[in-house]
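Visitor: Spelled out, the chains give:
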Amino acid sequence: MADTHPDLLQRPLPDGTVPAEVVARTEKRWLGVMVAMLVVMMAVVVLTGMTNAIHPPSNVETIDPTTLHLGGEFAESNLGTAQERDGSLTVRLIGGQYGFAPDCTKVAVDTPVKFRLTSTDVIHGFLLPSTNVNTMVVPGFVAEVRTQFTRPGIYRMPCNEFCGPGHHGMWARVSVVPKEQFHSLAPTERSSCVQQ
Amino acid sequence: MSELSTGTHHSAAASPEHVADPIGTDAALEALKHGPRGALFVATISVSLLLMSWLAFYFILFLPRGPIG
Numbered sequence: 000m001a002d003t004h005p006d007l008l009q010r011p012l013p014d015g016t017v018p019a020e021v022v023a024r025t026e027k028r029w030l031g032v033m034v035a036m037l038v039v040m041m042a043v044v045v046l047t048g049m050t051n052a053i054h055p056p057s058n059v060e061t062i063d064p065t066t067l068h069l070g071g072e073f074a075e076s077n078l079g080t081a082q083e084r085d086g087s088l089t090v091r092l093i094g095g096q097y098g099f100a101p102d103c104t105k106v107a108v109d110t111p112v113k114f115r116l117t118s119t120d121v122i123h124g125f126l127l128p129s130t131n132v133n134t135m136v137v138p139g140f141v142a143e144v145r146t147q148f149t150r151p152g153i154y155r156m157p158c159n160e161f162c163g164p165g166h167h168g169m170w171a172r173v174s175v176v177p178k179e180q181f182h183s184l185a186p187t188e189r190s191s192c193v194q195q
Numbered sequence: 000m001s002e003l004s005t006g007t008h009h010s011a012a013a014s015p016e017h018v019a020d021p022i023g024t025d026a027a028l029e030a031l032k033h034g035p036r037g038a039l040f041v042a043t044i045s046v047s048l049l050l051m052s053w054l055a056f057y058f059i060l061f062l063p064r065g066p067i068g
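In the order they appear, the protein sequences are chains A and B.
Residue 58 in numbering that gives the first Met the number 0 sits at position 59 of the first sequence; the count goes up by one each step and never skips.
Residue 12 in numbering that gives the first Met the number 0 sits at position 13 of the second sequence; the count goes up by one each step and never skips.
Hint data in this document are derived by calculation from the structure and do not stem from the laboratory.
All C-beta atoms in this analysis are idealised placements derived from N, C-alpha and C, irrespective of residue type, glycine included.
Don't take each hint at face value.
To be verified - Facing chain A, from chain B, some residues (calculated, C-beta under 10 Å):
{"hint": "1", "residue": "46"}
{"hint": "2", "residue": "65"}
{"hint": "3", "residue": "68"}
What the hints assert, rightly or not - Listed next, the stretches of chain A that the computed footprint assigns to chain B, with coverage defined by at least 3 CB atoms under 8 Å from CB atoms of chain B:
{"hint": "4", "stretch": "22–33"}
{"hint": "5", "stretch": "52–63"}
{"hint": "6", "stretch": "128–136"}
Go ahead and model the full structure; you've got the sequences and the hints to work with.
Guide: Printed below as a string of structure tokens:
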């Protein structure tokens, strides 16, 4: 190594250490790599989105948040899990500062489940870990998401949209049970597991 | 370790044996003559890992969980 002044390394190195054309070429190539990466990611998202019909929750359905308790779909007696004629399940929940009603619902494993939620006050979040379910619950609107649980167990259901000073304590549970166990339950036991 | 490393040369390494001998300006110029190849090598590995992780999460976790809309 033919260092003229090995003990006087200049920091930073002087301009022109790397020739300008090499810098320009390197930056251009790296930009190409980045663009190619973005193209791959966008192509994957768009193609799988089209082939698997993946899109964000887009249910637009309005409801009067001031009369939820008086009757209709979100009356207290109608909350929780209901079985549809085709065997699928519909879970109706209300979010309010700072809890969900009911705060524990029961569903069957390997069964299509539709969650319908609305809020009585401010915007809340609805998130189910280990699934893709994640949506906002907006007062005046009904949020609707669908999923299918593949494993039994207790799924914690935290509010993931800051809703006030008690936000950290706002969470509920979804109890996913085997099909045969679910069908052996009385309708009142299926709708909710709050007492258990 | 030469005395340079304790004089003008500073290192964040915990042990003296992990501190490389400092190189001079001429050696640095020689190493960078063809561009920052070492930096590109490290960047390529890290970006490749990032992309592979994204693809793995997408295909192994996100897609099997199915659409929700």
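Visitor: Compare the structure with each hint and give your call.
Guide: Hints and how they fare:
1. 46: This hint holds: residue 46 of chain B lies near chain A, its Cβ roughly 7 Å from the closest one there, short of 10 Å.
2. 65: Holds, about 7 Å.
3. 68: holds, 5 Å
4. 22–33: holds (count 5)
5. 52–63: holds (count 7)
6. 128–136: holds (count 6)
In this structure, every one of the numbered hints holds.
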